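Enquirer: Residue strings, one per chain:
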Amino acid sequence: MEQALVIIDMQMLMQHRLDAGRDHVHGDAPAKIAALAAEFRRAGQRVIHVRHSDPDPTSPMHLGSPAQQVMPCAEALDDEPIFVKTTSSPFASTGMEKYLRDNGIGTLVVTGAVEVFASIPQFELDRTSALG
Amino acid sequence: MIVVRDAVMGFDMPDEQLSARAIFDVTIAHLKSDFAEIIDSDAIVAAS
Numbered sequence: 001m002e003q004a005l006v007i008i009d010m011q012m013l014m015q016h017r018l019d020a021g022r023d024h025v026h027g028d029a030p031a032k033i034a035a036l037a038a039e040f041r042r043a044g045q046r047v048i049h050v051r052h053s054d055p056d057p058t059s060p061m062h063l064g065s066p067a068q069q070v071m072p073c074a075e076a077l078d079d080e081p082i083f084v085k086t087t088s089s090p091f092a093s094t095g096m097e098k099y100l101r102d103n104g105i106g107t108l109v110v111t112g113a114v115e116v117f118a119s120i121p122q123f124e125l126d127r128t129s130a131l132g
Numbered sequence: 133m134i135v136v137r138d139a140v141m142g143f144d145m146p147d148e149q150l151s152a153r154a155i156f157d158v159t160i161a162h163l164k165s166d167f168a169e170i171i172d173s174d175a176i177v178a179a180s
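The listed protein sequences derive, respectively, from chains U and X.
Note that our numbering numbers the first sequence so that position 2 is 2, with each residue one more than the last.
Note that our numbering numbers the second sequence so that position 30 is 162, with each residue one more than the last.
None of these hints come from the bench; they were simulated from the model.
Some hints could be false.
[What the hints assert, rightly or not] From the structure, some residues in chain X lie toward chain U, with a derived Cβ separation under 8 Å:
1. M133
2. I134
3. V135
4. D138
5. A139
6. V140
7. G142
8. F143
9. D144
10. Q149
11. F156
12. K164
13. S165
14. I170
15. S180
Given the structure is predicted, the values throughout are model-derived calculations rather than measurements.
Every residue, glycine too, gets a C-beta built ideally from N, C-alpha and C.
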């Protein structure tokens, strides 16, 4: 089984929060994520992108809004999959589960942004039930 | 699942008076106890 790097929710909303001086941990995560992505690509391993979009047109995370744009550290290469979720978990609203199964990916190396028990924990809970 | 601790960023919840550190630490502890291996990015670079 292969492993893949997963970059979750690294969108400009996070940069806006940093710029506004919001209390945070690991403000240097963007640089670390960029370095990890480069390392995975160098090793010929997959990099998977998960981004959030809110269907509510008044939401700051509405598709195409400034806050919904990807941070430079998380830009995808042309051949890398991008899964745009509308729920906290990509398994609930994207085709990522099928992609993982089709490509024999059994280990996910997770990076990105987390808000309480949102994306990352839900990511694993869903993965456990979905992939077995 | 492997979570790269220092490549995960988190923020506070001011309305709930919860600091970014408190939220992050509880989240990582939850993952570590039940689901995930927690590592730092240096471990990946060193292993490659």
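Enquirer: All the hints need checking, so say for each whether the structure fits it.
Expert: Hint by hint, here is what the structure shows:
{"no.": "1", "hint": "M133", "in the structure": "holds (5 Å)"}
{"no.": "2", "hint": "I134", "in the structure": "holds (5 Å)"}
{"no.": "3", "hint": "V135", "in the structure": "holds (5 Å)"}
{"no.": "4", "hint": "D138", "in the structure": "holds (6 Å)"}
{"no.": "5", "hint": "A139", "in the structure": "holds (4 Å)"}
{"no.": "6", "hint": "V140", "in the structure": "holds (6 Å)"}
{"no.": "7", "hint": "G142", "in the structure": "holds (5 Å)"}
{"no.": "8", "hint": "F143", "in the structure": "holds (5 Å)"}
{"no.": "9", "hint": "D144", "in the structure": "holds (4 Å)"}
{"no.": "10", "hint": "Q149", "in the structure": "violated (11 Å)"}
{"no.": "11", "hint": "F156", "in the structure": "holds (5 Å)"}
{"no.": "12", "hint": "K164", "in the structure": "violated (11 Å)"}
{"no.": "13", "hint": "S165", "in the structure": "violated (11 Å)"}
{"no.": "14", "hint": "I170", "in the structure": "violated (10 Å)"}
{"no.": "15", "hint": "S180", "in the structure": "holds (6 Å)"}
Of the hints listed earlier, those the structure fails to meet are numbers 10, 12, 13 and 14, in rising order.
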